[in-house]
Structures are given as structure tokens and as C-alpha cells.
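Enquirer: Generate the whole structure from the sequences, applying the supplied hints.
So in my numbering, spot 273 of the sequence shown is number 273, and the numbers just go up one at a time.
Rather than coming from a laboratory, the hints here were simulated on the basis of the structure.
Worth double-checking, as some hints may not be accurate.
[Unchecked claim] Derived pair list, reagent style DSS-like, types lysine-lysine, alpha-carbon separation capped at 25 angstroms:
1. K248 <-> K77
2. K59 <-> K77
3. K248 <-> K118
[Unchecked claim] Now the in silico label distances, taken between C-beta atoms and shown as ranges:
4. L75 <-> L151: 46 to 56 angstroms
5. I158 <-> D122: 21 to 31 angstroms
6. D122 <-> N70: 45 to 55 angstroms
7. F93 <-> L127: 19 to 29 angstroms
8. T120 <-> L147: 16 to 26 angstroms
Quick caveat, the model's predicted, so the values are computed rather than measured.
Where a beta carbon is used, it is the ideal one built from N, C-alpha and C, also for glycine.
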Amino acid sequence: MTTATVNPPSSRPTSRRLTRDELRAAFNKRILTWLSIGIFVFLYLPILILIIYSFNENKIVGVWTGFSLNWYQELFKDAALLNSLQVSLWVAFWSTILSTILGTLAAIVLERFRFWGKLTYDAVLYLPIIIPDIVMALSTLLFFVILNIPLSRYTILIAHVAFNISFVAVVVRARLADMDRRLEEAAADLGANEWLTFRRITLPLLTPGIVSGALLAFTLSLDDFVITFFVAGPGSTTLPVRVYSMIKFGVTPEVNAVSTLMFLGSTLLVVISLVLQRR
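Expert: Following this line, the structure appears as C-alpha cells:
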């Protein structure tokens with residue numbers, strides 16, 4: 001009598017040839033990965049070079065001779081630059097306050113109420129976001145000229161409020177649309193009036209969106225050049241306009257330094273705004 005020997009199954013995985021669709025999917029994934037990397041390098045490599053050369057000891061841009069913080073120290077000795085920074089911060093602060101209030105009210109009205117011409121108002125709200133800055137700048141300048149309003153820091157403030165309202169309204173409205181209306185209905189069932197419901201329920205839930213919109217408005221106002229260049233008057237030069245005038249005489253490490261500080265400040269505000277929007 002003979003006994004048959006049974007071989008145990010092999011633990012090695014069986015090799016399988018990839019199908020044509022799997023090969024194509026893997027190839028497309030690799031192409032998209034390298035394309036994304038290339039886009040990021042194209043966008044941010046010039047900024048990285050600017051930041052590096054802002055620490056260059058040599059005054060000649062492009063010739064690296066050593067690391068130095070001298071150009072950052074020189075910024076705080078430039079009276080004209082500090083004055084333009086003061087004007088920029090003043091305009092950005094007040095335009096943020098006004099546009100946040102008006103943009104929040106516009107978002108609440110357009111999202112919660114029905115009235116005649118709502119679609120028209122809704123479309124007009126998005127115009128400052130859609131139309132080019134040069135068109136916004138020329139139309140605002142023409143408005144001031146027709147009304148015989150002298151150009152000053154106040155005309156810059158009015159122009160910045162005009163285009164910042166839309167950005168604040170869009171951010172706040174998106175937050176308002178995602179809010180659970182049942183919380184307000186529950187507060188009303190418990191006897192709270194409309195004002196108490198708004199103050200205790202709606203406003204706290206809207207706060208991250210409002211703060212996010214305010215930070216976005218502050219960033220846009222602080223960095224704006226085109227509109228400010230058209231509506232600024234004597235003695236109301238902002239920091240971006242000042243940097244533009246400095247570039248006319250050539251790009252120097254001092255320009256790189258102030259541009260680096262502007263970039264880092266704007267990036268910080270945008271990151272905080274995005275974090276608040278996700279709450």
C-alpha cells in the first residue's frame with residue numbers, strides 16, 4: 001500500500017501581469033504627480049530665491065558673498081518706507097473693519113431674506129471679484145473725479161472697502177449656508193426672540209467665518225497695488241506702491257527684504273483664515 005505525499009501550498013505570492021488599464025492608470029498617476037511638482041516649483045521657486053537673496057551681504061543682486069541681516073536693519077532706518085507701512089496698516093485696518101461689518105450684513109440679507117431684485121444684488125456682489133483690478137481702479141478714479149473728491153488716504157480706504165465687501169460676504173455667506181437652522185428653531189421654541197437667537201446662536205456660529213473674512217480683507221488691502229496706485233494722493237503712498245517706486249532704480253537686497261516680510265505676513269494671515277474656515 002502506497003501513501004501519497006501532499007505538498008504544502010507555497011507561501012510565495014503568485015506573480016500577475018498588469019493589465020493595460022492598470023499600466024495606463026499607473027502612468028497617468030506618475031505624470032500627474034510630476035506635473036503637480038513642476039507647477040509648485042514654477043510658482044514658488046522665484047519666491048524662495050527672493051527670500052534667500054534678501055539675506056545676501058552683497059548689494060549686487062545675483063552675486064552671493066555671504067549671509068547678512070543688514071538689509072533688514074536698513075528697512076527700519078528708511079523713514080519713507082516706515083511712513084508707507086503706517087499708511088498701509090491704517091488703510092488695511094479701517095477697510096477691514098468697515099468691509100467686515102458691511103459684508104457680514106450683506107451675507108445675512110442675501111442668504112436669509114427674499115426680496116425683489118435679489119438675483120441682481122447677488123450678481124452685483126460678485127462683480128468686484130470677477131472684474132479685473134484695472135477696471136475697478138479706473139472706475140473708482142472716475143467716480144472720485146466726477147464728484148471732485150481730492151485723492152488721499154481716505155479715497156484709498158473707500159476703494160478698498162468697495163472691493164473687500166464682496167470677499168467678506170462670500171466667506172460669511174458660505175459659513176451661513178452650512179449652518180444648521182434647527183439650532184435657531186430650537187432657540188425660538190424655547191422662547192428666545194430674534195435678537196437673542198442671533199446673539200446667542202447665529203453670531204457665535206458665524207464668528208469663524210467673520211474672522212476668516214476679516215483676515216482675508218486685511219491681506220487683500222495690505223497687498224493691493226493696482227487700485228491703490230490709481231486712487232492714492234500726495235502723502236498717501238502705501239507699502240506696495242513704495243516698493244514699486246524702489247524697483248524703478250533696480251532690484252536691491254533691501255527690496256528683497258521688504259518683499260519677503262510682506263510675503264511672510266500675507267501667508268500667515270491666509271493660513272489663519274483657512275484654518276478658521278475649516279472649523
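Enquirer: Each of the hints needs a verdict: does it hold here or not?
Expert: The hints, checked one at a time:
1. K248 <-> K77: Holds, at roughly 20 angstroms.
2. K59 <-> K77: Since the Cα atoms of K59 and K77 sit roughly 17 angstroms apart, the hinted pair holds (cutoff 25 angstroms).
3. K248 <-> K118: 47 angstroms, violated
4. L75 <-> L151: 46 to 56 angstroms: About 27 angstroms separates the Cβ atoms of L75 and L151, which means 46 to 56 angstroms is violated.
5. I158 <-> D122: 21 to 31 angstroms: 23 angstroms, holds
6. D122 <-> N70: 45 to 55 angstroms: 52 angstroms Cβ-Cβ, so the 45 to 55 angstroms window holds.
7. F93 <-> L127: 19 to 29 angstroms: Distance hint for F93, L127 holds at roughly 25 angstroms.
8. T120 <-> L147: 16 to 26 angstroms: Once the Cβ atoms are compared, 24 angstroms apart, the range 16 to 26 angstroms for L147 and T120 holds.
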